Every structure is written in structure tokens, then in C-alpha cells.
Amino acid sequence: MKTDIILAGVGGQGILTIAATIGMAAVNKNLYLKQSEVHGMSQRGGDVQSHLRISDTPIYSDLIPKGCADIILSVEPMEGMRYLSYLKQDGYLITNSVPFNNIPDYPEMDELMKVLESIPRKIILDADSIAKDTGNARASNIVMLGAAVPFLGMSLEDLEGGIKSLFGRKGEEIVELNIKALRAGYEFTKSKM
Amino acid sequence: MQKLLLLGDEAIAQGAIDGGISGFYAYPGTPSTEIMEYAQHSKEVKEKGIHAIWSANEKTAVESAIGMSYAGKRAMAQMKHVGLNVAADAFINASITGVNGGLIIVAADDPSMHSSQNEQDSRFYGDFALIPILEPCDQQEAYDMAYNGFELSEKFNVPVLLRLTTRLAHSRAGVSTYEKKEQLKGSLPKDPRQFVLLPSIARRNYKRLLEMQPAIIKDSEESKYNKYIDAPDKSLGIVACGIAYNYLMEIFNGNCTYPVVKISQYPIPEKHLRKLRNECSSILVLEDGYPFVERQLRGFFNEGIEIKGRLTGDLPRDGELNPNLVAKALGRELCEGQQTPEIVKMRPPSLCMGCGHRDVYNALNEALAEYGDGRVFSDIGCYTLGALPPFNAINSCVDMGASITMAIGAADAGLVPSVAVIGDSTFTHSGMTGLLDAVIKNSPIVVIISDNSTTGMTGGQESSAKGRIVDICKGIGVHPDHIRVINPLKKNHEENVAIIKEELAYNGLSVIIPQRECIQTAVRNKKAAKK
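For the record, the sequence lines run as chains Y and X.
Using the numbering used here, read the first sequence as starting at 954 and increasing by one per residue.
Using the numbering used here, read the second sequence as starting at 2 and increasing by one per residue.
Just chain Y, with the same shape it has in the complex (with noise of 0.2 Å):
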């Protein structure tokens, strides 16, 4: 198996948390991994993202070649299209469609919407209410990765390990409450699919 994810959203917001926990549950499996972060200026408010590359064999690059990407999992709705040029023809783009607007010239959010239906092959999800549903309003990140899990090459119970792993020092109620925004973005996708 190899899985190639783009991991997209705004300084702040979360992705190398979802990252992380992409990452244990690997290691846990004992894949290969590569994950390339962005640190410096960028997190201030800026667009980040994160290139994370899984697989059963040797991985060389640390960047995902531009066409090469499985799927990209944004965690707000502009940001996942700015990388669409890494995704592969029959990739699926997994985003969240609540904004995050710091910028003066934010699209219309109608507009947003139509041109994101229009992507052929997309899973879009209101994380944020979907977390607050599961008693986290926090925890929208790890919604989103759930919502990713059918598409990771991982199942969900592997995903489930990861976090076990990655929050476990935090004590049980929050890995509980974790597992449970994971298995609700689950569902949602499962749901459409």
C-alpha cells in the first residue's frame, strides 16, 4: 500500500495534530512514513500545509510530486483547493466547510461552495458542528480525519490506535472524546459513499 495526503488549512488550526496521529497509527503498523511540516512565518495566520506520505515500501522524497497525491484533507474550504494541482485526476478532495476568514478579500461563501461542488470527486463536511454534536467543538480536526480514514489505506481501528497513542498521556476522557469526533466524521463519509 502507499497513500500519498495533502494536509491543508490556516496557522493554527490543527493539522499536525491530524498529521501526528496519521503518523502513530503507521508506526504503530509499522509502515514507512515521510512528513514534511511548515514552521516559521507561515504559521502565523498564513496557509500551511503538510505533505505526509505513507507506505508498505522505502519512501524517497519527502515532498509529494504535483499529479501523485491520493487525496488532499482540508480542514477549512478555500485552503484544500489552493493544492488541487497535487492531486491526481481520480482523487477525492475531504474538506470542511466552515471558513476561517482573516484575509480582507475572502470569497463569497456561496461562490466558495459552488466552485467546490463543481471538483468530481469531493467529501465535504461541516466539522465544526459535527464536533460540537459529539461534545468536543475542539476536536473538528480530528472530525476531519475521520472523515479522511476510508481513503488512508488504514482502518479505522488502526486510526483509533493512533490516537490512543498520541493522546493517551492526556487521560482517557480525551482520547475517548477523540475517538468519538473520529468515528462521527466516519460515519458521515461512509454515509455518502
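Hints in this document: simulated from the structure, not taken from any laboratory.
What you are looking at is a predicted structure, and each value in this text was computed from that prediction instead of being measured.
Here a beta-carbon is modelled for each residue, glycine too, at the ideal position from N, C-alpha and C.
Honestly, I wouldn't trust all of these hints.
Unchecked claim - A few chain X residues that don't get close to chain Y, going by computed Cβ distances all over 10 Å: (1) P32; (2) N86; (3) N94; (4) K182; (5) Q195; (6) R205; (7) L211; (8) A232; (9) F302; (10) C353; (11) L386; (12) A499.
Unchecked claim - Okay, derived cross-link-like pairs now, DSS-like style, lysine-lysine, Cα gap no bigger than 25 Å in a straight line: (13) X:K528 with Y:K1085; (14) Y:K1117 with X:K4; (15) X:K44 with X:K182; (16) Y:K1117 with X:K532; (17) Y:K955 with X:K47; (18) Y:K1085 with X:K531; (19) X:K531 with Y:K1123; (20) Y:K1123 with X:K44; (21) X:K49 with X:K4; (22) X:K528 with X:K44; (23) X:K467 with X:K532; (24) X:K532 with Y:K1123.
Fit chain X to the known structure of chain Y by using the hints.
Chain X only, in chain Y's frame:
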């Protein structure tokens, strides 16, 4: 053997710890910061008493590392590429003094300027200093090079430059670790005058360095990091340096059909390159950064076989490499991606909501309105984002500390009042000496030291200036009546504007110190306190 999941930066730190280091020295700078951060969070570092405290700047870091080497222990100084400019004096001379304990200087370059003001290539510094340069292609080599680098340094009695670029610094992968080496016990240099660079001694040391060069080149040729990988199609030979090797292997899925020379240790391995030149009808050079190897191969007259690279347009002259650029240079197109819709707008970084720098710029803009635009010199840090809308508040960002000294020069030229905006950490990094210049001539400038009590842009590291700025300014000789501490909050706006106006009207040196903790560290500290 244990397998860890590490960033390139973290692999260097762990390699150094396992390789018997006694001291890390650094000033924060993207993409090098995580080396020191990893060391500071390492239990092992604490248990073994390894030094891991931030220095005031890169020059003091390298000098302290040279001092530790003098005392017979292994040391490392880490910095971003432009930090090596600050440390250049110490760095170049350390190749003349030589070492006692092994000494590794890490320079993390930032091609494509993700978080920097230029994309200079540190390999030129290593060449300039006539010392071995190591450039890892992946996280495992980053670990190995730090682990073995001290011995390389001790073997040739020179510092070693370890150069990496942003992608490797900030990319994570599995790393196998080796048996831990003990720290050295410490010993004085055998020759008590080795580190005394009086001309007579420096001339002798320099000759020793020159005489060592053939052995250093031979070591490169025999290095396990450098390889000649043969292949049937000799129409092209490829030189792949550092991380570029991975992009090449990505495209060929591990089996390149052309002969390849992989370079991860310099000086360039002449033996491998001569073979490539003799067997292939043209050469393509893949390197992240400047055309360092390409220029050496081409030579002044560029006679001989065709050499393709950044100088011929086969690869772009600037910016970092990636698999797509390498594929294009090889005439192999990768699959097409999808189109990015036009509706996607730029999202540049910006000052955090609630950040004190925002209030400083709002007050400064209002206070300066009567004097007109174009008189604010600034510096390197989060507050550089004041150049962007809605503030449009600053007119320069050149190098660490340049705000104060540029304001002095502009005032000398008649631009009065001139204003400098500098952060607390940048002030103690390189602003204090400039402030002394201003004191001595009583320059009619206003220096604003926007004090958020941390090194913010790199993620909130301990600032050497914390709690000391007023005393430092007094000590340097700024008149106490013109050292004004303000609290940059919205509710104090009118008062702050009035204070800035007063000092702008004063025909002499003023220092205004807006003090409010960085919003990021404040939130983090609050969380930590709760626990």
C-alpha cells in the same frame, strides 16, 4: 537499535547526543530551531548534564562552542543560513585554530525563502573555510552525520559544517539509532598556543590547514555518504547532492537508468566525478541552493562535455528543488494534477489577533502622521509583518539589528525624526551595539523596542532580553528621562500616542519600550499554570 520518528533537525540533535556531545549552542532561526528545542526537551540531555541553553546570537553561540572544543569536549552550534553570516568571523577563524574536542557547525538553509530574507547557500562558507561539509539526503544520514561528525572533526583537527535545507529540517521519518558514546573527559590542547591566532601562529596553522586538503578530499572520495552508482544508459550522468538524491530516486522509483554520483560530503569527490565525466556524454547537476557543484564542474572556460543544471535553465536558477522540477530536467513529465480554481485567494501570514505589536503599530502610525511616511526602520521578527496591510507601518527589514543603525544613518542624512522598531530578542541579538552608536552621537531617533518577552516568530523561545531591557538601555547610556515604558493595549491607545509624539518631538535619542507578553506564550503559560 531503536527506531525513532524524527524531524531532520531532531535527528541531528539525537545523533549529537548519541555521538558524545557535551554542549549545544544556538540562537533560534527557522529552519534550525528544533535542534535546540529537541535537546532541551530530552531527558537524556538533563541526566548527562549536556549544555542546551540559547545564546544571545549565533556569533556568541559559535564562540562558546569553540571554547568547549578548546576545553576538550564535543560541541555543536546550530543556526539558520543567515545566522552563519553573524557568526562568520568566529566560524572562518575556527578553521585556522583547529579544534580539540570535535566541533560541528550546523547551518540550515532556506531555499525558496519560506521564512527568510535570502536563500544563500552555506556550502560556499564551508568551501571558504576549507573544511569538510556534510549534507544529508535524509533523516537517517542527518543522524549519522551528527553521530560521526565529531570524530571527523577530531581526525582532521578542523570544524565540520553540517548543511541541510528546510525540507529535510522539517520533515519526519524513521531513524535507527546506534550505541551511545561517552562524552569526552576534557583536556587542554596539546599545543598551548594552537588557539592564539597571532600572525606568526596563524600562518603556521593556515599552512597546516592547506596541507591537510588532499587528505580531506580523499576522505570525501572514500566517504560512505558519497557513491558512484553505475547504470547502462551513458548518454547522461547525474550528480545528485543532498536531498536532491531523493527526488531523483522518487522519479525512477529507486532504479535510475543513468549513472549517478550521490554527493553528501564535500569537497566534491573528484574520483567519482572524473569517472562520470569519462563515461557519460553529458552531465546533469541536481543541487538544492546555488549552483555550487555545477560551477566547479563547469570551470571558468566551460570547455568539455555538456553540463546541465541551474546555470543552463534546465533547472530554475532560484528556489528549492522538488520532484516535478527534477523530472522536467530529465525530460520526464509526471502525471498532471487538477487545476487550482481562480477563486482561491492568497493568505499571507499576519500578526495574531490580540498581539501587542498590533497596538504598537496603531499608535505609531497615528503619532507619525504629521511627519509623513517612509521613516520607520524595522527588523527581523513577528513585527516585520507590520509591513503588510492594514498597518503598512515599516519601511525596512534587512538583517538582525539593522533597524537602529539604519535609523542612525537616515537621521545623519537629514531624515529627522527617524524611527527604529525592533523586538526584544533581536535587540539583545544585535541591537545593543547600534544603540551605543546612537548614544554616543545623541542621534535624533526614536528606538521602539517592542518587548513581548520571547523570541516569537520561531515559536516562543526564551529571550535573552527578558526583564533586562530598561537596565540595558540605562547601562548603555540612554538618558533615563527618555526611556519610556508603555503597555500596548487598546485602552491605553491615546496615552501611548501622546508618549510617542513627545519623544518624536525630542531632538535626541529616545527609547520607547512597549511591554506586553506574546499572546501565544501567554496562552501556553496559562495552560501550563492550570496543570
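Q: Over 10 Å to the closest beta carbon of chain Y is the bar; see if N86 (chain X) clears it.
A: 18 Å, holds
Q: Evaluate the condition: distance from the CB of C353 (chain X) to the nearest CB of chain Y exceeds 10 Å.
A: 6 Å, violated
Q.
For P32 (chain X), is the shortest CB-to-CB distance to chain Y above 10 Å, so the non-interface label stands?
A. Contrary to the label, P32 (chain X) does not stay out of reach of chain Y, its closest Cβ about 6 Å off (not over 10 Å).
Q) Can the restraint linking K531 (chain X) and K1123 (chain Y) be considered satisfied, given a maximum Cα separation of 25 Å? A) 14 Å, holds
Q) Hey, K532 (chain X) versus K1123 (chain Y), does the alpha-carbon distance stay inside 25 Å? A) 11 Å, holds
Q) Far enough from chain Y: is every CB of that chain over 10 Å from the CB of K182 (chain X)? A) For K182 (chain X), whose nearest Cβ neighbour in chain Y is about 26 Å away, the distance exceeds 10 Å, so it holds.
Q) Is the straight-line distance between the alpha-carbon of K1117 (chain Y) and that of K532 (chain X) 25 Å or less? A) With a Cα-Cα distance of about 21 Å, the restraint between K1117 (chain Y) and K532 (chain X) holds, given a limit of 25 Å.
**Q.** Beyond 10 Å from each Cβ of chain Y, as asserted for N94 (chain X)
**A.** The claim holds: N94 (chain X) sits with its nearest Cβ about 30 Å from chain Y, beyond 10 Å.
Q. Any Cβ of chain Y at or closer than 10 Å to L211 (chain X), or is the non-interface label fine?
A. Fine: 38 Å to the nearest Cβ keeps L211 (chain X) off the interface.
(Q) At 10 Å, judged by beta carbons, does L386 (chain X) keep clear of chain Y as stated? (A) Label violated. Min Cβ-Cβ 7 Å, cutoff 10 Å.
Q. Hey, does R205 (chain X) actually stay past 10 Å from chain Y on C-beta?
A. 43 Å, holds
Q. Quick one, are K49 (chain X) and K4 (chain X) close enough, alpha carbons at most 25 Å?
A. 21 Å, holds
The structure fails to meet hints 1, 10, 11, 17 from the earlier list, while all remaining hints are met.
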